[in-house]
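In case you want the letters, here they are:
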Amino acid sequence: MNKFMNPLQTRNKEEIFSAEIREDIDRWIAKYPPEWKQSAVMAALRIMQDDNGGWLTTELMDDVAEYLDMSPIHVYEVATFYSMYELKPVGKHKICVCTNIACMINDSDAIVKHLKEKLGIGFGEVTEDGRFSLKEVECLGACGGAPMFQIGRKYYENLTPKVVDSILDGLE
Amino acid sequence: MANEVCFRTLEYLKQPWELDEYKSRGGYEVLNHILKNKIEPSEVVETMKTSGLRGRGGAGFPTGLKWSFISRNAPGQKYVVCNSDEGEPGTFKDRDILRYNPHQLIEGMVIAGYAIGATVGYNYIRGEFWEEYERFEAALEQARAAGFLGDNLLGSGFDFQLHSHLGGGAYVCGEETALLESIEGKKGQPRFKPPFPAHFGLYGRPTIINNTESLSSVPVILKEGGEWFKELGVENSGGSKLFSISGNIKNPGVFEVPLGTPFSELFKLVGGMKDGHKLKAVVPGGCSSPVIPGEQMMDLTMDYDAIQNAGSMLGSGAIVIIDDQQCMVKLLDRMSYFYHEESCGQCTPCREGTGWLWRVVNRIENGKGRQEDLDLLESVCGKIAGRTVCALGDAAAMPVRGMLKHFQEEFQYHIDHKKCMVGAGPTKGLG
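Chains as they are written, first to last, in my numbering: chain A, 1 to 172; chain B, 173 to 603.
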């Protein structure tokens, strides 16, 4: 399928990832036509990111490219195009705060200010202990519960500074 | 009349996302009927045409017509793709379908596959909707186990496989050809059209791609008839519609009402403004639709023609209700930043123009605006709109034009006085 195969790839697929990771990625590959393994690139990057504490290294992207018979540049393109992939370390809990219009007019500014003061970091930064990082995101499609944020995979809606405190205090 | 189509089972069931409960309210009966009686696929397409259903993702293209562009008997693989990449700011209706009524979407997609002769479907769910994705995956498993998905469905000889695909965070992937590129494992950059997806779609094969709400409407339309659905709504706007209503209101949420319902009735449904503030303006169809002043909105009905005649768009049915404490310059600043952030970078007018729009609005917001900036904004809008491969460029220009049309005095005030004229007080960063 791919005209631009990575000339460096020499490993067997089994050597690239653990059996568990391969099972996870292969489940996605199976959804697409056999000649379109690269359709699983978004899933594979997400799986590797989760496995690596929330961010992707160039080596991991190269591994994904090799595993899916893609050229590394195509994988970098995907990893840099979509906002959910992280190319720098993030906190154990990545807090993605929506500041788009519905949240903004429901005072997401106050939520952002509270988070920045409480954690002592700005957007794009990680707390010293590595527990939290903050990210400003575009509309997450939960405007009925504005203001809201996402931590990990979970949405938290109808936030107030007090609610934010109880959420963060309840995290490991 | 409300909750007639996509939400029709919700008020009767405790866990409407469970297969047994969905079946208890007639779920999968339409699919069963079609497969058992070998209903002509063309008949299905005709019913969809009669229904007047227009694409619920925002563009409003007639769904039945879209389906009819596919030659059912053309050889080779065809695809049904569902667009659950809900990202238009203000929109949160498809999320509720995925959470509360996933089986109706599955049934709709299988029927769509039958109608166009496709045996594989993908539901593209935005990556942030993890909980919704898991709910949908669970429904897929149930449907497979019950024989509503897989090979030889209910002994009919018709096969249909359905998979979900998770996005990675990109508004532009809501554009149908960008979404197809994304499934193909690429950057989500829209394709030049024609060819349209009906001829050259996913993996280069004939594809129909419809919004979650559109496909979820299919089983009900086929059960009750195209005429029934059409009669729910008004001329040129058949059926009912999910409205995502948010903003400075008491009871935000998703409401399913017939198209043509007066905005004032929806306003009552959401309990009116909160904290005793006054209605100032309404974004009627998602961030990309031009804003409409509150008093004008109170006289409008929620259908495609009425909103278009008022100079805006029904779009995805995302209504953001804004109170008199909000600064429209600040609001536009945030909207413009959004398009700048989400432009895929493929077309120069959009990639550069969205940055210009944002920087100019941002300097007005921050008290550094110049008198000529108002003309400059209009000029940049004119250089983006209609000059790009997809509609994101137009979507960036429209809110700017809407704000300047209806709230120019606020922009002028910012330029003249270097501060806000509304209750929210001085603009951030200014004395």
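Since the hints were made in silico from the structure, they are not lab data.
Among the hints, erroneous ones may be present.
[Claimed, not checked] Derived lysine to aspartate or glutamate pairs resembling EDC-like cross-links, with alpha carbons at most 16 Å apart:
hint, chain 1, residue 1, chain 2, residue 2
1, A, LYS31, B, GLU313
2, A, LYS154, B, GLU407
3, B, LYS446, A, GLU35
4, B, LYS221, B, GLU407
5, A, LYS135, B, GLU513
6, B, LYS422, A, GLU157
7, B, LYS358, A, GLU35
8, A, LYS31, B, GLU407
9, A, LYS135, A, GLU125
10, B, LYS358, A, ASP69
11, A, LYS31, B, GLU356
Note that the structure is predicted; figures quoted are calculated from it, not measured.
So, going through the hints one by one against the coordinates:
no. : hint                   : result
1   : LYS31/A with GLU313/B  : holds, 14 Å
2   : LYS154/A with GLU407/B : violated, 41 Å
3   : LYS446/B with GLU35/A  : violated, 55 Å
4   : LYS221/B with GLU407/B : holds, 14 Å
5   : LYS135/A with GLU513/B : holds, 14 Å
6   : LYS422/B with GLU157/A : holds, 15 Å
7   : LYS358/B with GLU35/A  : holds, 15 Å
8   : LYS31/A with GLU407/B  : violated, 41 Å
9   : LYS135/A with GLU125/A : holds, 8 Å
10  : LYS358/B with ASP69/A  : holds, 14 Å
11  : LYS31/A with GLU356/B  : holds, 12 Å
The structure does not agree with the numbered hints 2, 3, 8 stated previously, though it agrees with the rest.
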